[in-house]
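Q: The primary structure of each chain is shown beneath.
Protein chains: 2
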Amino acid sequence: MAPPRYIELPEGLKPAGVSGSELLAYERSKASFDSKAMAEYIHGKEFLELQERILNILTSDPVFDKTSDYYYGRADKFRRAMLKDKRLAQLAAEHGWGQYEANVAEKLADLPGPMGLHKSMFLTTLYNQGSDEQRKVFYEPASKYEIIGCYAQTELGHGSNVQGIETTATWIAESQEWEIHSPTLTASKWWIGGLGRTADHAVVMAQLIINNKSYGPHPFVVAIRDVKTREMLPGRTIGDIGPKAGYNTTDNGFMLFEHVRIPHFNLLARFSKVEPETGKYLPPPNAKLAYGTLTWVRANIVRDASTVLMRAVTVAIRYCAVRRQFADRDAPKFGQDGKPLETQVLDYTMVQIRLFPILAQAFAFHYTSRFMFDLYEQNQANIESGDLSLLADTHASSSGLKSLTTLYASDAIEVCRKACGGHGYSMASGLPDQYANYLPNATWEGDSYMLSQQCTRYLFKTMRAIKGKGKVDKNITTDYMIRYLENKGETANIQFSGDLYDPLFFMRAFGHRAAYLTEQTLALRDDAKRSWNSLLVELYRCSKAHSQYLLVRNFGMAILKDDKLNSQPALRQIVQRIFLLWACHTMEEESADFLASGYITGKQFHLLGSKVQEIMAELRPNAVALVDSFAVPDYLLNSALGRSDGKVYEALFDFALREPLNSAKWNVDIHDMETTDFDSDLPRAKL
Amino acid sequence: MAPPRYIELPEGLKPAGVSGSELLAYERSKASFDSKAMAEYIHGKEFLELQERILNILTSDPVFDKTSDYYYGRADKFRRAMLKDKRLAQLAAEHGWGQYEANVAEKLADLPGPMGLHKSMFLTTLYNQGSDEQRKVFYEPASKYEIIGCYAQTELGHGSNVQGIETTATWIAESQEWEIHSPTLTASKWWIGGLGRTADHAVVMAQLIINNKSYGPHPFVVAIRDVKTREMLPGRTIGDIGPKAGYNTTDNGFMLFEHVRIPHFNLLARFSKVEPETGKYLPPPNAKLAYGTLTWVRANIVRDASTVLMRAVTVAIRYCAVRRQFADRDAPKFGQDGKPLETQVLDYTMVQIRLFPILAQAFAFHYTSRFMFDLYEQNQANIESGDLSLLADTHASSSGLKSLTTLYASDAIEVCRKACGGHGYSMASGLPDQYANYLPNATWEGDSYMLSQQCTRYLFKTMRAIKGKGKVDKNITTDYMIRYLENKGETANIQFSGDLYDPLFFMRAFGHRAAYLTEQTLALRDDAKRSWNSLLVELYRCSKAHSQYLLVRNFGMAILKDDKLNSQPALRQIVQRIFLLWACHTMEEESADFLASGYITGKQFHLLGSKVQEIMAELRPNAVALVDSFAVPDYLLNSALGRSDGKVYEALFDFALREPLNSAKWNVDIHDMETTDFDSDLPRAKL
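Chains as they are written, first to last, in UniProt numbering: chain X, 1 to 687; chain S, 1 to 687.
If you're looking for bench data, these hints aren't it; they were derived computationally from the structure. Hints are supplied without guarantee of correctness; some may be wrong.
30 Å max Cα-Cα, derived DSSO-like pairs, lysine-lysine [unchecked claim]: (1) Lys-603/X / Lys-474/X; (2) Lys-665/S / Lys-488/X; (3) Lys-144/S / Lys-665/X; (4) Lys-77/X / Lys-66/S; (5) Lys-603/X / Lys-665/S; (6) Lys-474/S / Lys-461/S; (7) Lys-469/X / Lys-564/X; (8) Lys-144/X / Lys-665/S; (9) Lys-461/S / Lys-603/X.
A few chain S positions that, by computed beta-carbon distances, are all more than 12 Å from chain X [said to hold, decoys possible]: (10) Asp-69; (11) Val-104; (12) His-158; (13) Ile-238; (14) Ala-381; (15) Gly-470; (16) Glu-486; (17) Asp-527; (18) Gln-604; (19) Ala-656.
Quick caveat, the model's predicted, so the values are computed rather than measured. We put the beta carbon where it would ideally sit given N, CA and C, even for glycine.
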């Protein structure tokens with residue numbers, strides 16, 4: 001529920017000059033394409049209709065009202081999120097939503113809740129790793145919310161290094177039980193979403209130990225709280241880990257075990273098993289098959305990175321079209337009415353250079369996430385027919401792309417916020433909250449700096465195989481590496497900025513660079529015998545170069561071959577310009593590599609900069625229509641600055657008038673240590 | 001007051017392996033220098049003693065206890081900050097603190113409070129711009145907190161462009177009064193610290209209008225709330241603008257005026273005046289003199305940027321020395337006890353490359369802030385003797401440096417946070433709060449992207465003057481520009497990484513680059529007649545290059561000429577390595593410029609990278625001792641990860657156990673929309 005307006009404004013006041021609504025209408029009128037057609041091209045008609053349908057359901061239900069969220073303290077935030085998760089579960093049942101519809105609703109509601117991990121990792125793990133019987137006993141009640149679970153892997157002392165977790169599950173032959181135990185303080189489970197206050201069951205990853213021999217981490221189902229009374233069960237110590245930069249609507253928790261016994265049955269046994277009678281460990285058939293799921297998860301992360309950029313840049317571009325500040329130094333200083341003219345902030349090239357590449361990056365990530373989903377499906381089909389040849393390439397690329405896109409997206413939200421100037425700092429802009437909640441993406445599912453090593457390890461292997469003339473699978477990576485080795489002396493054939501237009505040029509250039517860096521770094525490892533650790537910086541650069549190649553390639557291929565795009569000239573033209581902006585800008589940003597290897601000259605470097613300026617000017621009239629085509633609903637933006645109606649200043653005022661601090665008067669006498677915010681609407685901690 | 005521990009831990013649990021305390025002790029034992037001596041070199045003995053003395057006062061007073069802060073909602077945070085400001089005022093009186101001591105206390109208490117702007121901008125403006133009589137009427141009671149004020153300049157529609165503010169102060173000849181008025185919604189004062197709930201007076205910047213003629217923004221003292229009842233006075237509409245990303249302990253406010261009359265006396269009249277009888281406007285003698293204060297403010301901002309880096313990197317480096325994760329690929333996999341060995345995260349070069357340059361940057365900013373204070377004093381002395389020759393150079397450099405250092409520092413905090421992995425995301429790390437509160441620095445006192453134009457405008461002017469062979473003042477800028485013009489074809493004389501050692505080499509290289517970029521960009525403006533707006537990106541680069549030159553120069557000069565440093569060989573050696581790391585790393589980061597201009601070759605580019613690796617390995621054993629020498633007290637760090645005793649995991653647990661959410665049980669039945677967190681310590685909003 002929205003808080004009341006605590007203060008009344010004088011009547012009849014309006015923002016000075018042309019209104020935000022008029023400015024956005026004017027911006028939209030200048031577009032060279034239909035933003036609805038573009039939205040359908042990007043998202044598909046089906047998705048847009050679904051989003052609209054679910055949006056109507058959510059916005060007519062008070063549980064999903066977001067008006068108060070930015071004023072709440074943690075306890076109230078958590079309460080709201082709990083109610084939201086309950087109501088979403090009810091709605092899913094009422095409307096017969098599947099996973100896809102539920103996800104769309106979840107994204108729109110945009111409030112990471114205490115049951116989030118129940119719905120994702122807990123259910124998925126029970127289903128994927130549980131035997132048929134375990135699915136019946138655990139998965140079925142969980143899917144009906146009769147038990148609420150979490151996925152307990154990370155520990156206080158162990159995050160990325162899963163093999164190093166300390167929690168043990170020791171086989172007790174006599175009673176055919178597992179004993180779950182936390183030998184140290186650092187063995188405590190930590191960061192587990194939904195564990196702190198909500199879950200009554202957990203999938204616990206623990207070192208499986210039989211006769212003093214460890215078989216590595218395995219998943220066990222452990223009851224942790226009484227389903228009725230919500231009391232912790234004996235031998236478990238559980239709680240919330242305290243406030244975080246974001247995600248405070250989720251109760252990330254800790255958990256310690258003191259010799260907790262669970263039945264043999266509770267080891268999830270679809271793959272690895274232990275014979276209850278003999279205590280014999282039966283390993284899984286092929287551990288690599290799990291890579292398939294991982295690729296799917298990461299394709300989702302890359303898609304999310306794209307939508308995150310779309311959301312943030314929508315706010316920034318709309319606001320910068322409404323906001324006017326200073327007059328351009330060269331422009332006339334006064335309008336027809338004699339009043340000083342101020343320039344739309346979006347006209348300043350220093351603002352464009354920060355925002356337009358982000359807009360373009362959203363497209364780049366979009367095409368690559370589509371590519372990853374296609375690859376995932378092709379790979380799953382291959383695996384079923386026994387062909388594992390795509391597995392390694394898919395896995396490596398997904399590691400590199402997860403790393404690059406999450407780091408990029410978190411930085412980009414902050415760039416958008418800064419581009420909104422002072423008002424970007426207000427919670428009303430929506431950007432601080434989006435930023436704080438997105439940040440964990442760069443850490444979870446593999447810390448993005450570390451994960452890049454998996455990608456480069458594969459690039460090394462591939463380069464070695466090609467040079468060793470062994471049998472080499474044909475795939476995207478081997479393609480560009482072989483091409484590089486056959487064209488080592490290649491340089492950019494660019495004389496004028498007009499020569500910068502062909503997607504193939506950029507694909508070759510980025511492929512050449514990725515292969516060049518890999519070859520150079522591999523030489524340091526194999527020939528100069530440098531230690532792995534001393535090379536981490538270079539390894540990171542290889543992974544980044546490979547991932548950027550993939551982004552260029554997939555975006556470029558759309559320009560060259562996407563029939564849906566090429567059959568709509570108005571769309572094709574603008575997307576092609578966006579590709580060029582993005583490719584030139586990325587090449588300029590990474591130009592040290594291209595310059596140092598001699599691939600481009602200093603003069604060509606300057607051409608890239610000029611081309612970027614040239615395309616920014618071309619894109620400027622289309623900027624607002626482009627973010628419209630991202631189709632991010634106002635409800636999701638939850639931003640005074642990004643509103644599609646441009647009523648920025650009215651919305652900022654409304655936000656201010658409802659601030660509960662405005663319900664109190666304060667005693668400012670420095671000799672009196674009483675605050676006397678009596679009769680106010682303010683909560684007061686009992687601490 | 002600290003909240004209770006809501007949950008009891010099993011007894012006797014300790015973190016696995018070597019404890020954090022032992023690890024930090026080991027790290028300290030490896031140092032090649034005395035961190036106390038280094039602290040004295042950096043901060044001076046006097047400051048360290050003062051900090052210690054004030055620290056003892058604050059930490060023995062419950063008002064300054066920080067234990068609960070991260071759990072509080074906004075209302076409680078604001079209450080705490082109000083009490084803190086009152087108590088600081090009392091302590092200042094009790095202990096006879098001057099401005100300097102009060103500032104040290106303020107920094108340690110680290111809670112931007114509702115009286116912060118009263119103490120800074122309100123008092124300063126009353127004093128500097130008030131006539132002697134106005135000082136008596138306004139400044140004196142304000143300095144005794146008998147009236148509480150704020151500084152109301154920014155408006156909803158106008159931030160950086162002060163000339164564009166809309167609030168009017170119209171001269172009413174009949175009654176010899178000013179009428180203060182807000183003609184539009186966007187004319188509302190906005191973002192004004194302390195205005196929302198606290199201040200009873202304001203310095204209001206408004207367009208001074210006499211007989212329909214505007215003389216631009218001037219400062220007026222306006223009473224806004226009744227000093228006793230705290231009610232808004234008639235014609236004023238005032239409130240808090242709502243929650244922000246940080247700074248929620250300050251009541252940033254808005255204010256609208258409806259034809260409010262104030263006496264003639266209330267225009268602050270030390271410089272501009274209006275004759276009450278005639279209504280004649282008397283302009284100030286020399287507007288440029290205000291640049292002096294601005295330079296001083298910016299020198300403070302650069303010094304703050306340095307201490308911000310010191311604080312953030314102290315947390316990250318200590319934590320990364322305690323945190324162990326994975327084994328180095330080349331290292332032995334098991335220790336003598338047969339258990340797998342994990343590597344200190346700080347040993348990974350990919351972590352070092354993120355943290356060590358920040359540590360080095362803290363030194364660089366430190367030397368440059370000292371340089372700015374010196375320059376400020378020299379300049380003030382010059383001005384008094386009528387010599388304005390340093391004014392423009394000082395002002396331009398301070399603009400560029402403010403821009404560069406604040407953007408760099410805000411990014412760096414976030415780099416430090418990410419380097420702490422998952423736990424960096426916890427509020428317990430201290431970094432999210434530091435980040436959120438530091439961010440406004442990049443926007444206020446001139447948006448950092450826009451401000452850079454002032455610097456480049458001066459660079460253009462200087463380059464034009466030199467080329468035009470007119471009279472040119474001798475200063476740092478003209479020095480490097482003239483050197484460049486006389487040595488245009490210069491290239492780096494570097495063959496081996498060992499050649500990278502001489503501060504003069506880096507000073508020349510960065511000076512050459514700054515002048516080269518200025519010359520190139522100026523040609524686009526003057527010869528190619530490009531519009532100012534189309535050049536903003538290049539203008540920004542010039543300002544950045546100039547500012548980086550100054551940083552290199554000031555750091556390099558310390559290596560060459562600082563007697564205090566050079567008389568202590570152990571300190572000198574390590575600071576010299578830090579300089580080299582920083583210079584090589586900055587040159588590598590900016591290498592596109594050096595490569596494109598032909599100043600360095602691809603081979604030399606690679607030497608920079610090797611040199612960085614080489615010095616990082618040298619610095620590694622000294623890393624913890626170096627952050628110790630920054631002398632940031634644990635009280636200020638307020639970080640479980642950065643504690644000087646290394647008890648990271650124990651502190652994270654303590655933080656979790658006190659989370660008030662742990663005082664409640666929750667109803668998770670999805671069919672029951674009651675949360676039932678009964679009998680808990682949780683506040684509940686009345687919204």
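Q: A separate judgement is required for each hint: does it hold in the structure or not?
A: Each hint tested on the structure:
1. Lys-603/X / Lys-474/X: At roughly 36 Å apart (the allowed maximum being 30 Å), Lys-474/X and Lys-603/X break the hint.
2. Lys-665/S / Lys-488/X: Distance of about 66 Å is beyond 30 Å: violated.
3. Lys-144/S / Lys-665/X: holds (21 Å)
4. Lys-77/X / Lys-66/S: holds (23 Å)
5. Lys-603/X / Lys-665/S: violated (67 Å)
6. Lys-474/S / Lys-461/S: Between Lys-474/S and Lys-461/S the Cα gap is close to 14 Å, so the pair holds against 30 Å.
7. Lys-469/X / Lys-564/X: violated (40 Å)
8. Lys-144/X / Lys-665/S: holds (21 Å)
9. Lys-461/S / Lys-603/X: holds (26 Å)
10. Asp-69: Label violated. Min Cβ-Cβ 10 Å, cutoff 12 Å.
11. Val-104: holds (19 Å)
12. His-158: violated (7 Å)
13. Ile-238: violated (8 Å)
14. Ala-381: At roughly 34 Å from the nearest Cβ of chain X, Ala-381/S sits farther out than 12 Å, so the non-interface label holds.
15. Gly-470: Answer for Gly-470/S: holds, closest chain X Cβ roughly 23 Å.
16. Glu-486: holds (22 Å)
17. Asp-527: holds (15 Å)
18. Gln-604: The claim is violated: Gln-604/S sits with its nearest Cβ about 9 Å from chain X, within 12 Å.
19. Ala-656: violated (4 Å)
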